Each structure stands twice: as structure tokens, then as C-alpha cells.
Amino acid sequence: MMFTGLSAVFRREFMSYFATPLAYVFIVIFLAFTGIFTFYVGGFFERGQADLAPFFSFLPWLYLILTPAVAMRLWAEERKSGSIELLLTLPISTTAAVVGKFLAAWAFTGIALMLTAPLWITVNMLGDPDNGVIAAGYVAGFIMAGAYLAIGACLSALTRNQVIAFVLTVMVAFLFTMSGLPVVLNFFSSWAPALVVEEIASFSFLTHFNAISKGVIDLRDLVFFVGMMAVWLFANVIVVDAKRDGA
Amino acid sequence: MQPLLEARALVKDFAHIRAVDGVSFSVEPGAVMGFLGPNGAGKSTTMKMLTGFLRPTAGEAFIAGHSVEGAPIAAKRRLGYLPEGAPAYGDMTPLTFLTFTARARGLADVAGAVRRAVAATHLGSVAEQPIDTLSKGFKRRVGLAQAILHDPDVLVLDEPTDGLDPNQKHEVRSLIRDMAAAKAIIISTHILEEVDAVCTRAVIIDRGRIVADGTPASLRARSRYHNAVAVTVAANDAAAARAVMADVDDVAEVEVAQSGAAAVITALAKDGRPIIGALTGRLEDKGIKMMEIAVDPGRLDDVFRTLTTSEAGSDATQEAA
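Chains as they are written, first to last, in the working numbering: chain A, 123 to 369; chain B, 396 to 716.
If you are wondering where the hints come from, they were derived from the structure by calculation, not from laboratory data. Among the hints, a few may not be true.
What the hints assert, rightly or not - If you want the footprint, here are the derived chain A segments under chain B, 3+ residues with CB under 8 Å:
1) 125-135
2) 208-214
3) 362-368
Stated by the list, open to error - Here are the simulated BS3-like pairs of lysine-lysine, each with C-alpha atoms no more than 30 Å apart in a straight line:
4) B:K684 x B:K665
5) A:K202 x A:K336
6) B:K564 x B:K531
7) B:K531 x A:K202
8) B:K665 x B:K681
9) A:K365 x B:K531
10) A:K202 x B:K564
All values derive from a computational prediction rather than experimental measurement. For glycine and all other residues, C-beta sits at the position ideal for the given N, C-alpha and C.
All chains should be built: construct the whole structure from the sequences, respecting the hints.
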């Protein structure tokens, strides 16, 4: 029964991306930017190396802006239009609704990511890349997108305004992305104990993403992203449920 | 008979406002309860608690014996709900939207359920247009179709005829009447004629509390116009007729309305006692020619106003009791 509700929500949500121009706009922008970053900014040809490092090094930054746009509507739109009242009075659990929606958004970004496959093909035609590393990069990109989306889904449930949901998500996602970089760490290292600074650094999406995309699939990095998704989706259920008290 | 729907002392607080303050009632199968009250009285909030969308601050709701908070899935399976304003997913068509609802409910025959709901609400002509592009009347019917899709035991309909034209209202009311036999139905409305048209019972709520609960006829009996007699006479007989009518036992008050060559004189009955017999007898004795006689069963809008307008309400309630 849990699965019936979940799969119905998933199908509806997934189709709704394609019912509006959102899906196509997102995919076009995503592909255009991956192209620009890889070939121009990343110097794909000039580097003379058969790998997708330029593509993967820009992917977190692209996701930082684009996944919040995919996630922002998940709950905020339901609240705005009032359809949330229908959704939450169906005989399905809040968890099923939360997970169904999240998986739809994740599947959608997964499709966008798959559409970058021509890059992979190109690099194979031009040289002899380590396809294992590239595959690891795709896995890393996909689960990182999931973590971004889980943050966005949860924050989207806080408001009926999609713009607020978007801005909040970009901010929170930015902190998680940057937390391993000096710009964030310097702020803390001047006063916080080293242990805390290390802890903050360990939440960095970039650190974990770079580790996997270099071809080293470490269980800890995978657990980090999966854990992120679980925690944010759990928070998402709590937020949706807390809103039943009326606000 | 076991009630299909029950509210037990429901209370809902928002920030500093108590929106619903101890509302209790139960609805048996076959009953259509009209839920009346001014805007902001707590009708929609009560319905949101009955259907499990809002969590009550105190009290509990039961659907077919299942606690809405304790066993939400079992309770919601037996429930059909049309929320206020009939929200829907605007980018879907009625067909895809109803299919989604049927799937989410885990119905065995999705296509059949959708087909029956579309037919019952006459949505066939717009079944493949985006809901956003539909008129208000069609949107309301989409919401209704979604609510009756799984043939639920309990229907909670928040303003089901709001925004419909008279023909559509008539259709929706017959639909509700047709379904009423085996279900418990609550409709909220501020259209009083609706109560007569479909309800077997009316509950009036004001500032979060139930102020009246009874059959439409019993509520009407509380009107000061209950058993009032309106007599139409020629204008030049008006003064004489007025004097005669004012003199009849149990007549509390007489009102005169002049319209052209005729005058309508209304005698209000004291405590709603029947006065028509005595009154017409006396007028005939005096040789006053009556062109038209009408007995007023009482006016719901009059009862509604007295019960729901501030302090005057409580006084009138005591008088009527």
C-alpha cells in the first residue's frame, strides 16, 4: 500500500515536470552550461587529456543553482494552489508523499545528467580515457544531485513561495558545497576548536564529490550523500507534518 | 446506528485565535448535514480537522469508526473530500488528475472508477483539457469527481456549489441527493436555499461554536416569521384589516407593506403559535375581502441572522428555547 501511493505520487510529479516548459528549459540550460564549462572555461581541448575532469569540476556549481530550481516547486506549489489539501487527505502516508516527490525530482535530474552522455562519447572518440573514473564521476554527480534535491524539497515545504524556497535552498546548499573551502573554514578556524572546524569541513559536498569523481569510490563518501538525503527527507516529513498544526 | 462520521469536542487554536471551540456532532448513514455559518465561523477549519488535513488542538474526529489521527490511512480510505475552493493540479487534465487520485487510492479498477466519476459529474466534454483552463463550474465538478471517485462512505464537501450557475447547482444537488442513501455527507454552505434543497439536518456554527442543530423545519420554527400570516387586501381595506388582525389572539405584531392598489399585511404569531384559522375567520366576519393568503413556515435567513450576529444572537436563542 505504501508503494501504491508512493508510485502514484512519483508518476504524477515526474509527468508534471514535462507538462510545463520547466523540464525543457532546465535541460537546455543544463546542457548548454555543461558544454560551455567543459569546452570553453574548462579548456577541454587545450588540456590535451582524455578525461572529463573539466566537466565534473564544474558540475557541483551548476547543480548548486539548478537543482534548487527543480526542487523549489515540490511543496511550495502544492501549498500555494491548495492541492496539498488533496494530497494529504489521500490514504497515503506523509513519508510516501515525501519520498515519491523526491524520487521524481531525482529521476528528472538523472535524465538531464544522462543527456550529457555525448561528452563521454566524444572523449572516447578523441582518446582513450579511463572510463571507470568517468563512470564514478557520473555516480558521484547523480547522488550529489540527490543530496541537493533533498535539501531543496525540505526547504520547499517551509513556504508557499517558490522564490523563497529557491533562495533558501541555494544559500543552504552553498554552505554545504563550500564548507570544505578556506573561504568558509577561515571564518571558523579563527575562533572555533579544530575539531569543530574539521567537522564543518567534513560536510563539504565538494570534498566528497571530488573524492568519488577521481575514481575512488569510498564507502564513506557514498554514505555521506545517502545520509544527507535521508536526514533532509526525514526533516521534510517533519516539516510537512508540523504544518498540520496550521500556520 | 453507528455514525459514519463523528466530531468529538474538536478545538482548533491558531496563534491567538480559537477558530473552533468544542464542536461535536455525528452523522449517520443516509443523512446530509448542512454546515452553516458566516464566513470565518470555523466551518472550513472544522472540515479540515474532520478530514485529517489539520491536527486538532483538542478533541478527535472519527470516520467509519477509525480515528482520523490514530489510524489516518484507514480513515482516509473511507473519505471523499472536496476542499474549500476545489483545488487541483492545474497543469493536469481531469482525466490524468482523476487517474492519479484513483491510483494513489490503490483502486483495483482505475479506468472504471474514472469513467464513472466523469460521467456522474458530466466532465466528458472537458476531460482532456488542462484544469487551469476550465471555468469555475467545471473546476468545482473536477473536485467533486475526485471526491466521489472511490464511492466513499463519508463525503465532506466544502461549498460544493460555490460559483456554479443555477443549472449546475441543481445538478450537483441532485447528485448529492442520489448518493445520500448509504453515505454520511456534510456540505458547508452559506447559501440557505441549499439546506432546503439537499439537507436532512442543519448545524449552524458561529465563532467556533455550534449555535443550532436540527432539521431545517425545526430551525425554521425558530424564526419570528414562523406561522406568520400574510394577507393581501385592496389598499383601501388596509387600515381596517390591520386593526382586525392586530386584535386576534396570539398575534404579536403586524407589518404593512403597500404595493400599488394592494397592501400586504403580515401578522407575526406569538411564539410561532398557529393563527391562520382565527385570523381569516375574523377578517371574513368583518367582510374584508382577502385577495391572497400565505402562511410563512419561517425564514432560515432570519434564524441564521439572529443566531450569528453578535450579542443579539444569544438573547434570541434564549427566547426561542
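To see whether the hints hold, each was checked on the structure:
For the region 125-135 of chain A, the stated coverage by chain B is satisfied: 7 residues place a CB nearer than 8 Å to a CB of that chain, which reaches the threshold of 3. Here the region 208-214 of chain A counts 6 residues with a CB under 8 Å from a CB of chain B, which clears the bar of 3, and the coverage holds. Evaluation of the coverage hint for the region 362-368 of chain A: fulfilled, as 3 residues show C-beta separations to chain B shorter than 8 Å, against a requirement of three. Proximity of B:K684 to B:K665 is assessed by CA-CA distance (about 25 Å); at most 30 Å being required, the pair is judged to hold.
With a C-alpha separation of about 42 Å, the suggested pairing of A:K202 with A:K336 is violated against the 30 Å cut-off. Distance check on the hinted pair: B:K564 and B:K531 sit about 12 Å apart at the alpha-carbon level, within 30 Å; holds. Distance check on the hinted pair: B:K531 and A:K202 sit about 18 Å apart at the alpha-carbon level, within 30 Å; holds. Note on B:K665 and B:K681: the hinted pairing holds, with a Cα-Cα distance of about 23 Å set against a maximum of 30 Å.
Proposed proximity of A:K365 and B:K531 is supported: the alpha carbons are some 28 Å apart, at most 30 Å. Annotation: proposed proximity of A:K202 to B:K564 holds, straight-line Cα distance about 27 Å (limit 30 Å).
Going through the hint list in order, the structure does not satisfy hint 5, though it satisfies all others.
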